[in-house]
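Chemist: Working from the sequences, and respecting the hints, build out all of it.
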Amino acid sequence: MTDPDRPPPPLDVARRAGYDEPPPRVGFFTDTSVCIGCKACEVACKEWNALPEDGLDLLGMSMDNTGMLGANSWRHVAFVEQRRPGTGGPDEQTAAVEPRLRAAPRGGSELGTTPLPTSPKRAVADLGMPTVGRPGDGTGAETRTDFRWLMESDVCKHCTEAGCLDVCPTGALFRTEFGTVVVQQDICDGCGYCVSGCPYGVIDRRPHDGRAQKCTLCYDRLKGGLTPACAKACPTESIQFGPLDVLRERADRRLAELHGQGVAEAQLYGRDPDDGVGGHGSMFLLLDRPEVYGLPPAPVVPTRSAPQIWRRVGAAAAAFALAGIGAFVSSAFGDDR
Amino acid sequence: MGSNMAEAHPVAFQWVMEAKKNGARVVHVDPRFTRTSALADSYVRIRAGTDIAFLGGVVHHVLSNDLDFREYVAAYTNAAFLVNEGFADTEDLDGLFSGYDPATGSYASTTWDYEGARQRATAPMETGMGGPPIEGAAGGIAQDPTLEDPRCVFQVLKRHFSRYTPEMVERVCGVPREEFLQVCRAWTANSGRERTSALVYSVGWTQHTVGAQNIRAGAIVQLLLGNIGRPGGGIYALRGHANIQGSTDIPTLFDLLPGYLPMPRAGQADLAAYLDRLRARTQKGYWEEADAYLVSLLKEYFGEAATADNDFGFDWLPRIDGDHGTYRTTMDMVDGRVSGYLVMGQNPAVGSANGRLQRLALANLDWLVVRDLTMIETASFWQDAPEVETGEIAPERCRTEVFFLPAASHVEKAGSFTQTQRMVQWREKAAEPVGDQRSDLWFFHQLWRRIRERVADSTDPRDEPLQRLAWDYRTEGTGDDEEPDPEDVLRRINGVDLTTGRTVDGFTDLRADGTTACGCWQYSGVYADEVNQAARRKPHDQQGPYDPEWGWTWPANRRLLYNRASADLDGRPWSERKKLVWWDPDQGRWTGHDVPDFPPTTPPGHEPPAGARGPAALRGDDPFIMQADGKGWLFAPTGVVDGPLPTHYEPHESPVRNPLYGQQGNPTRRVYPRPENPYDPSPPEGDPGVFPFVLTAARLTEHHTAGGMSRQLPHLAELQPELFVEVSPELARLRGLTHLWWAHVVTARAAVEARVHVTDRMAPLQLDGQVVHQVWLPYHWGPTGLVTGDVVNDLLGIVADANVLIQESKVATCDVLRGRRPRGAELTALLARLRTRAGITATTGTTLVTAGPSPTDPPRETP
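Which chain is which? The protein sequence lines are W and E, in order.
Read in order, the letters of the first sequence are residues 30 to 366 in this note's numbering.
Read in order, the letters of the second sequence are residues 19 to 881 in this note's numbering.
I should point out that these hints are in silico values taken from the structure, not numbers from a laboratory.
Check each hint, because a few of them may be wrong.
Stated by the list, open to error - Below, a list of computed lysine to aspartate or glutamate pairs in the EDC-like style, where the Cα atoms sit at most 20 Å apart:
1) K38(E) / E50(W)
2) K252(W) / E50(W)
3) K39(E) / E50(W)
4) K596(E) / D273(E)
5) K38(E) / E266(W)
6) K261(W) / E89(E)
Stated by the list, open to error - Negatives, chain E to chain W, calculated, CB over 12 Å:
7) T128
8) Y254
9) M349
10) E446
11) A781
Backbone N, C-alpha and C fix where the C-beta goes; we use that ideal spot for every residue, glycine too.
Modeler: Printed below as a string of structure tokens:
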């Protein structure tokens, strides 16, 4: 996915954003191999950031009743039940869960308007956005011999090249001195461009208010020298917070450890600065492919193609201009009857 | 086993994850695949209520393959002791031990004696923490150090579990034999001189009619493998809340005084009679000093009024004369024998077994006081109980006057928590209580002020204990705001030397002559040097591996109980890797990384002089210093009322006939035949046609027990908003259930509706040609709160273990029917119909003895 013409983006995003002497870039390393699915991160996040309750509805997606990241859920623990081979297809459960999820007052749709229409007549067009059905269904069972239950606490990726930030017309989204990406609600005008700008479906607008919301990596706590609420509350250190270079090393070590223990499918997600978003500020150690967890396998920041598009638009415009001039020229010189 | 540690104890589970990172292998044995199973290295599915068969299988595997830690077993356990000739095992009596009396449903344990010693039959909890007294235990017990005498405990154990083979484990538990053997191999390979294994259990083991014996079975395996008293070993009883350990140490139980001193019984005329029941004259161990603990407690209760002349006020203590436990009391309420009830920090209308009986009981009181953080069903039952719908409780006529008092939460008051590890940790007040919310100390102090005024001039002898009570804590505030200073309460629990007025350093300072006062001998030392030791917070990176300066652990800040066993017979660590405490010959005392749990200067090879008693009678190789014989008990000659060895009995309600013995269920279990507490009879009495499935219930990590602390909070309620029932895809097909649609679970007692959750985490078991389906529900919901639902505990009956009177709430029989349950009179009619079909009456299931030949039984294997 990397454009060979482009130099790799500099890690020092804060300096690029204009900070003279920024502190080290910080982030999360979420090690899903030790996540126990307790959801303490979800609760700690809501408590600290004063986020409202997000719908008292049973979704039936394993133990997950949050469903997705959204304006009012900045941490989301995904539960993936990878089925026992031979117990039949997942169709029945999926059929039961899907309408529930669509009707859930959550968000995460094309412009953060909620809920999604459930009537087939009003079904929205498939925009190619990441979906959150029962992501584990139908994957991996061919090679596994037993049931497996995966858990993963998802969060904003705080991308090195942040689509939401790039498209924000008001400057409500900004890069902090810690290298994180934060929305200023008092500036946000609710246009929703950022919602379509995020390749992960993270940012979302709050119903009845319209302004965009997402994880701030507890900007206020960072300012006070504190650990973000979710990492602080995590009992098993599945969510680790720290300077990004330290976390990358730790992630590499943990991956090697798991590979050494024979967990061949273990992989890092968002670790690579050469990926489509220039690497995450919050990376993950996954025990299966990203799409199993409902994460896009190879996301690309939509604005990455912008220069190319503009170049092509420019070229096309130039060609049109030339053609137009040519037409005049030909008419000037061609009318020699 | 019997624990969903990751979900119910997530904070403690961090250490399991850390151990796993360090290379530990985690095995989870449980009826259902939980978040704990997801993180374990291997998961073994077991039929609910068959843990003893599984553990007995492990014992069989260990003994038949000579895998026990022989040196440890021979020296530190009672393996070598000979058992009375008159003892008959369950192998001889088709599932009963000798001494069973069918008329009372109980045992006379005289034939279980050690040879040469004389024990006394004791009622449950009659002797408290010290274990039962054994006359002659100091030196008089006949033994065979070679462990070959057919009457020695080791051989008795071998015979008792001789039929608990892998094949039998498969037949009883539904665990494939190869899977079972893998667990055996992992457990034994990781035990011995160089390695230790830890065993963790929770209420999945205790809430059974064989609750105490489940734990005994685990203890036997761990003793045989040398995993007790050693670092990395042990049996971890995980407590269900932050301070449940504290609430048994300084108890809210009817049969105990602080520090596991038994509550005096009716007929114990004086202190001497009480102490005589407690300890024998010729036995070993520290329970010999119980007199100092009790007298110091009486001095703390009654102060100056307690003198040697009046037996230190022993007569002012209440007496018990039988079962006064929570379920007995509830049934007495239904019968109109109880007029008032105080409920604090508990929600029995939702959280106790047989919810309908609980609510009918509450509706038959004169007054009820409920103190809680939020309005809970126990206070609002009169208007929102399901019985209002069925017409059994009429709000306008319910006579119970309910007083609801708002309580301060744990962050709104200072105090201490004692957690699973016995560690006492102080916590400060973080916020002032809002509105009328008050601390528990305030409530009791203000209640006491008012009671004292009432009884000041009374001449009724009944009021004398109240008049004499020395309630002289340092207080804060005045008048109606006055309350005791919690640190002073902890200081008084620690104990004070009355001659100097200073705190004592530990329980060895306590005296039986009235010169010391102590609220709980076990906690003695928590305020040593007039310092709140529980408030210490030295970080891990500034101290040694056992962190002695973080909080304070009873007893004597000892982190590992019975740690004398971590050293060999000569007092040297069994291995360098597993070094904890050892004998230092140069200093002539025990030393090490932890506080040694042994008389500090008694050398390893010590032989006590003839006639010695108490701590002085302990040999150098008697690590179990609270026991009358100083040994770890493979065989319990007394004190466990349902037998000296754990035996597999089927749960009270079970679709399976016991494949091991004619005796189906625990012959000493407490049954309560009452119209509002019907049971589904198990084979051979009944057949599993109407309620063919196994029901089990438990907690979710997102909610807190009966829901009082979570159903009212939006951030928790939204995480698990609705009651659901988990079924396997196979059971869903069998009963036509659809994911997320409605179903209702029915038992002999109730019907509860829930959303269907079809999941591969549940799976049917294959045993002996019989397919057993298990069904699981979380039990957090009730009629009030942001999220509401039916009360799952309504499904369960009241039937109890005879040792500690715990209810069997982890297993019952049920069926699952499509759709929502009927309402009102139709519901009552449905249950009546089901009971008729199953032949259930108020007395079915209460036949205790089924041992012996029965015409309806197929021929069974002979021993």
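Chemist: It remains to establish, for every hint, whether it holds in the given structure.
Modeler: Comparing the hints with the structure gives:
1. Of the pairs offered as hints, the one joining K38(E) and E50(W) is violated, with about 41 Å between alpha carbons and a cut-off of 20 Å exceeded.
2. Of the supplied pair hints, the one linking K252(W) and E50(W) holds, its CA atoms being roughly 15 Å apart against a limit of 20 Å.
3. A hinted pair counts as satisfied when its Cα atoms are at most 20 Å apart, and K39(E) with E50(W) does not qualify at roughly 38 Å.
4. Our distance criterion of 20 Å between C-alpha atoms is broken by K596(E) and D273(E), whose separation comes to about 38 Å.
5. The straight-line distance between the Cα atoms of K38(E) and E266(W) is roughly 13 Å, inside the 20 Å bound, and the hint therefore holds.
6. In summary, the hint linking K261(W) to E89(E) is not supported, as the alpha carbons are separated by about 46 Å, beyond the 20 Å threshold.
7. In this structure T128(E) is separated from chain W by more than 12 Å, as the shortest Cβ-Cβ distance comes to about 49 Å.
8. A cut-off of 12 Å between C-beta atoms confirms that Y254(E) is not in contact with chain W; the least separation is 17 Å.
9. For M349(E), the condition that its CB be more than 12 Å from all CB atoms of chain W holds, with the nearest at approximately 36 Å.
10. Annotated as non-interface, E446(E) keeps its C-beta farther than 12 Å from every C-beta of chain W; the closest such distance is 19 Å.
11. Under the 12 Å C-beta cut-off, the non-interface status given to A781(E) relative to chain W is violated; the minimum distance is some 7 Å.
Of the numbered hints listed earlier, those contradicted by the structure are 1, 3, 4, 6 and 11.
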